[in-house]
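Undergrad: For reference, the chains in residue letters:
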Amino acid sequence: MAEISEAQPKESDETPQPSNLDPETMRKTKPGVKRLILTLSVLFSFLIGLPFLLKSVEIYRSQLPFRDIDSLSAAIESNPILFPCHFHAVFVNFPAASSSSSGNQLGFSIYSRMQKLFPKTPLCGTCSNYSVSVTLDSSGLLDGFKYDRNLDNFDENLDEYLESVLSKDGKYTVVVVNREDVEEVRAVVGKFRHAWIEGRIENAEELVERIAEIFVKVFVNGGKEEGSIHGEFMPVGADGRVVLSFNLLNADPRDWVYDWDFQSIEEILLAPIVEALRPLADVGVESQVLYHTPKSSFSYWDEKLTSHVFSTKDLPFFVNSNEWHLDTSTAAGGRSKVLQFVVYIPSSRECPLFLQLPNGELSLTNGFISPMWGGVVVWNPPACLNISESTHPLRHTMSLKDMKKVFEIFTGQLRQLFGLKSDSMVTSASGMSILLASERGFAKWERDVLSRQHTCFNLLQCGTTLGSLSRLVQSLPRMIIMDEIGKQVKFSLEAAKLTLTNASLGIYDASAVSSRQARSLAEDAFYHPSMMSVSYYSFEHCFAVYSPFFLPVSLHVLLAVLREWKRYKQEQKKYLAWKNKGI
Amino acid sequence: MESFNFPKAVAFLVVLIATNLTGAISSTVSHSTATMHTNNWAVLVCTSRFWFNYRHMANTLSLYRTVKRLGIPDERIILMLADDMACNARNKYPAQVFNNENHRLNLYGDNVEVDYRGYEVTVENFLRVLMGRHENAVPRSKRLLSDEGSHILVYMTGHGGDEFLKFQDSEELQSHDLADAVKQMKEKRRFKELLIMVDTCQAATLFSQLHSPGVLAIGSSLKGENSYSHHLDSDVGVSVVDRFTFYTLAFFERLNMYNNASLSSLFNSYNPNLLLSTAYYRTDLYQRRLEEVPVTNFFGSVMETIHTDSAYGALSGKQLKSGEIKMSSDSSGEDRQRILENSDVKDQGSSLNIKDQQVTCPFTRTLSTIHERVEKVKDVDGLVNFGLVLVIPLLAVSSWLSS
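Protein sequence lines correspond, in order, to chains A and B.
Heads up, the first sequence is in our numbering, so the first residue is 1 and it goes up one at a time.
Heads up, the second sequence is in our numbering, so the first residue is 584 and it goes up one at a time.
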């Protein structure tokens with residue numbers, strides 16, 4: 001009976017509303033939002049977690065200043081680095097021209113001659129807007145000097161005197177001394193920043209030409225024809241270091257064994273040179289003595305010269321790399337440059353050994369260089385020249401005098417390796433100028449030339465290295481860039497900016513130092529060992545690792561949300577329909 | 584239905600990101616500087632280990648001896664060997680390695696300086712050597728210290744295949760990795776000219792992706808061809824030298840230091856009938872004519888020398904009239920010419936067409952057409968990304984169906 005009684009209330013419920021409530025389109029109660037909120041909260045938590053996930057799988061890349069790098073590269077490549085130069089001409093003992101207008105005229109004519117000598121497009125490292133000033137001195141300058149050409153060291157004394165008398169403001173000066181009693185006109189360039197022309201000067205045109213040539217060819221271009229920079233004459237390593245490695249080679253120690261006192265010669269001759277090259281490179285010096293090191297080229301006996309002779313055609317084959325173990329340097333780091341200086345002592349079978357030049361003469365130096373490698377000098381031992389001496393393999397030591405001679409040749413070779421000439425004469429259209437030798441290996445104006453050229457070269461290298469680095473980093477967006485690289489790039493850019501500032505102010509040494517720093521930092525950043533393209537995450541790798549975890553789950557969550565949303569909308573529609581219909 | 588818009592939007596976004604990532608920014612900066620040729624370097628790599636790959640180590644050591652004899656010093660040679668032959672327990676002649684059955688020359692005599700040996704010969708180390716990115720502590724003898732005037736010879740031998748070279752039986756060097764390394768070397772001006780010699784199977788594919796100027800490459804065989812060993816030494820028990828290297832060495836036996844043969848005579852000296860493969864070389868990236876390039880430009884060591892006129896200092900008073908003298912190796916004539924069948928086969932799909940018509944089985948026919956189509960696809964990265972992106976809607980469909 002309960003069933004009947006139960007069935008009755010149902011029927012009684014349904015009977016008052018037989019066909020109005022259609023469960024498909026209407027419902028009486030508000031739809032519940034619990035399920036919707038549940039699914040939405042799960043989705044929401046996923047969405048909140050998404051940025052954390054992306055952050056945790058992010059490739060660590062230090063931010064490199066790409067725009068700055070590009071602007072620096074563009075600036076360096078488009079505008080060659082030019083330095084301001086100031087030139088000064090002093091005329092002594094010219095009674096005819098002693099008015100200010102003639103001084104201005106002279107200055108103007110020198111300036112216009114110089115303009116003709118400069119190339120149309122200025123080369124990097126040469127002078128930009130230069131100024132020429134003229135002083136007419138009526139024989140007051142050289143009053144304290146005893147002028148006598150026949151004295152020894154006349155040139156050196158005059159040089160020292162002029163250095164003490166002229167103002168030290170970095171100007172390049174030519175002093176023209178007119179002496180009626182001296183016939184020949186000589187031009188000499190000193191060890192500092194001045195030169196002089198002395199003698200009986202008659203032709204003003206020629207004089208102006210000569211002065212302009214000294215200014216341009218000597219002080220600006222360094223004695224070379226054009227001032228262009230060749231990469232094979234820049235032997236400074238990428239980290240700003242050069243190691244000079246001096247080797248004494250005994251070809252056959254059964255004949256004689258030679259040793260040398262390197263310490264003393266280093267203190268006397270090498271230390272000033274190392275000091276002079278300080279702004280250009282950090283120079284280290286090493287030495288060793290080797291035995292059993294024959295050369296690999298051949299020589300022949302020349303009866304007329306009574307000596308063994310090898311020609312310039314044999315020079316490329318002289319260095320016997322199989323037996324000469326020269327590259328055993330411990331001081332040189334990975335990116336330094338090592339220059340080898342070799343003293344070769346021939347065996348008794350080939351002694352004395354001389355180098356014959358193509359014109360038939362014997363070489364005075366018996367030496368040669370190979371750019372970016374170093375230099376070789378053949379030294380014939382005195383034991384060879386007196387054959388009567390006993391051939392016991394005694395240990396001889398090279399005398400200090402011999403060592404000095406050899407090291408002077410080495411200084412000449414070092415100059416050649418840096419792109420200057422080893423001899424001390426400059427020939428130009430209007431005549432010969434003599435260059436005075438400096439005990440520091442390089443005269444002050446030569447150091448200026450080298451500083452300018454090295455600044456230019458280093459900045460160009462820095463610009464291209466940083467450009468390559470930025471291109472590399474941008475082309476591999478998933479490669480890790482460590483903080484250290486970012487810091488090195490930043491410091492390199494700062495050093496480059498400092499170099500440009502120094503160059504515009506005309507401070508040669510400081511600009512060389514900062515350009516060297518800029519280059520070495522840029523190279524350190526580019527050659528950082530962590531940037532190997534085999535070890536970066538490709539996009540496929542990342543996708544393949546993370547998608548099996550997240551993709552199925554996230555899809556299910558999304559679909560659940562969508563389903564619940566759809567259901568809620570449907571029920572809401574039904575409820576609204578009922579509400580509109582009923583009541 | 585509107586519920587599917589969301590996955591479609593996601594798919595679209597992912598496609599966008601994918602195409603951005605696959606577009607590589609490549610800009611080649613070529614500086615044509617007329618720098619002097621200052622020195623020569625050689626990087627000799629033997630990529631195999633184990634006793635039956637004896638011939639690869641003999642190849643590399645033979646080339647090492649040749650290059651040293653012609654003048655390149657140890658400090659400018661980087662030799663990478665697994666070095667497990669000479670003292671192998673299966674070696675009947677301990678501490679000796681031969682490249683000919685007459686046993687005339689012991690390659691492993693004195694004066695062999697191996698820079699990377701054993702398990703140090705890896706793809707990573709090889710690429711580090713080429714690009715110069717070493718740790719600070721790596722000594723100078725293990726670095727390639729070339730500058731912008733250097734000519735570099737890279738010789739690789741071992742087992743290779745289509746666009747790869749196998750290293751030590753565990754990893755591969757891909758052709759695009761090599762091309763990338765050469766590109767970075769060129770950008771950083773680590774070489775003036777580069778000669779790549781590869782003696783493996785399908786060697787020519789290894790340098791197919793090179794783009795940098797100044798690179799010359801020669802491989803011992805084309806795609807689809809094998810490179811063969813020359814002869815079996817019955818005493819040692821394994822093959823002792825490969826054909827390509829054997830004929831290369833034969834060419835260099837005729838040379839000495841003062842002699843000058845040109846590169847074109849070297850390349851023309853390979854006879855396909857004797858090699859049993861086609862020695863293919865590419866010169867499209869190299870500006871100079873091969874007849875003018877002496878072999879010693881890469882294989883020897885001719886130094887550029889300049890005479891020192893005078894000393895600087897007290898001797899400077901004495902002047903010398905003679906000027907500077909630059910020595911450069913000039914190339915003389917060539918050897919007798921041999922005609923080399925140099926088929927410039929660049930298109931790779933043509934050989935399959937002939938097979939198609941002959942085979943009647945429909946299955947293999949469809950398979951070969953699919954293979955052809957796949958070969959023609961240029962943008963492989965895009966295809967892969969498209970496939971990955973396609974996963975998402977498939978997944979959506981399957982989860983919808985399962986719910």
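Mixed in with the good hints there might be a few duds.
[Unchecked claim] Facing chain B, according to a computed beta carbon distance under 8 Å, are these residues of chain A, among others:
(1) Pro352
(2) Gln356
(3) Gly360
(4) Met531
[What the hints assert, rightly or not] Far from chain A by the CB rule (all over 10 Å, computed), these chain B residues:
(5) Asn685
(6) Val695
(7) Ile889
Honestly, the hints are just simulated from the structure, not real lab data.
Quick reminder that beta carbons are idealized off the backbone N, C-alpha and C, glycines included.
Undergrad: Checking each numbered hint in turn, tell me which of them this model violates, lowest number first.
TA: When the structure is compared with the hints, numbers 1, 2, 3 and 7 turn out to be violated.
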